[in-house]
Amino acid sequence: EPEVTQTPSHQVTQMGQEVILRCVPISNHLYFYWYRQILGQKVEFLVSFYNNEISEKSEIFDDQFSVERPDGSNFTLKIRSTKLEDSAMYFCASRQRLGELDEQFFGPGTRLTVL
Amino acid sequence: GQSLEQPSEVTAVEGAIVQINCTYQTSGFYGLSWYQQHDGGAPTFLSYNALDGLEETGRFSSFLSRSDSYGYLLLQELQMKDSASYFCAVRTGGGNKLTFGTGTQLKVEL
Chain A
1 EPEVTQTPSH QVTQMGQEVI LRCVPISNHL YFYWYRQILG QKVEFLVSFY
51 NNEISEKSEI FDDQFSVERP DGSNFTLKIR STKLEDSAMY FCASRQRLGE
101 LDEQFFGPGT RLTVL
Chain B
1 GQSLEQPSEV TAVEGAIVQI NCTYQTSGFY GLSWYQQHDG GAPTFLSYNA
51 LDGLEETGRF SSFLSRSDSY GYLLLQELQM KDSASYFCAV RTGGGNKLTF
101 GTGTQLKVEL
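Sequence lines, in order, name chains A and B.
In terms of our numbering, the first sequence opens at residue 1 and continues consecutively.
In terms of our numbering, the second sequence opens at residue 1 and continues consecutively.
Here chain A stands alone, though its shape is the one from the complex:
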């Protein structure tokens, strides 16, 4: 069964450093998402992406964040200058098309630790 993959599974970085989290969505999906989950808390929406542009972003997704689909398969989240509070699990998700019965499939996540 096709699945969303994410790399790395765990990233440790120093405060102020840039990180790039990578995702490979399911191949025939058109809509892509990033979510994050701080330990012990709920999953929070960051950004949605369709047709090579951001369709919606949350208040969390400030100028330090950016997303890109550099080729036909990868979808990346960049954090330019990490802060301690960016430590969280980051989930990528993809969706085939807009429609009532379509669901978002989540990847296994990247645990980001900012020291």
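Because the hints were derived from the structure by calculation, they are not lab data.
Remember, predicted model here, so these are calculated numbers, not experimental data.
Careful, some of the hints might be misleading.
[As the list claims (entries may be wrong)] With a straight-line Cα cutoff of 27 angstroms, these simulated BS3-like cross-link-like pairs (lysine-lysine) come out:
#: 1; chain 1: B; residue 1: K81; chain 2: A; residue 2: K42
#: 2; chain 1: A; residue 1: K57; chain 2: A; residue 2: K42
#: 3; chain 1: A; residue 1: K83; chain 2: A; residue 2: K57
#: 4; chain 1: A; residue 1: K78; chain 2: A; residue 2: K42
#: 5; chain 1: B; residue 1: K107; chain 2: A; residue 2: K42
#: 6; chain 1: A; residue 1: K83; chain 2: A; residue 2: K42
Based on these hints, arrange chain B on the given structure of chain A.
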């Protein structure tokens, strides 16, 4: 803004039936989804309701009342492997983003 409320914890015995409630306040509502998450794992889709009524998928059922801004997830014939966190999430916006509830930790005991 949007908010979703769920009980924080529920405990039940193996073989029992448990209901997890979710109330929400949102604008631009498309539907209510339910996800399961085991510790450290990815959210896994369980069920979705766009219209009022009951949707059944095996041991899991989900209910929605749009007029009451309320839904629930019903888990039948509980198994130990059902011990996990369960999140309701509303779908909103042009991109169908998910706004998650606070999650309910279900513990299934022998």
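Hints, one by one, checked against the model:
1. Between K81 (chain B) and K42 (chain A) the alpha-carbon distance is near 21 angstroms, which keeps this suggested pair within the 27 angstroms criterion.
2. Distance hint between K57 (chain A) and K42 (chain A) is fulfilled; the C-alpha atoms sit about 17 angstroms from each other, no more than 27 angstroms.
3. Between the alpha carbons of K83 (chain A) and K57 (chain A) the distance comes to roughly 19 angstroms, so the proposed pair stays at or under 27 angstroms and holds.
4. Between the alpha carbons of K78 (chain A) and K42 (chain A) the distance comes to roughly 22 angstroms, so the proposed pair stays at or under 27 angstroms and holds.
5. In summary, the hint linking K107 (chain B) to K42 (chain A) is supported, as the alpha carbons are separated by about 18 angstroms, within the 27 angstroms threshold.
6. For the hint linking K83 (chain A) to K42 (chain A), the alpha-carbon distance of about 20 angstroms falls within 27 angstroms, and the restraint holds.
No hint from the list above goes unmet by this structure.
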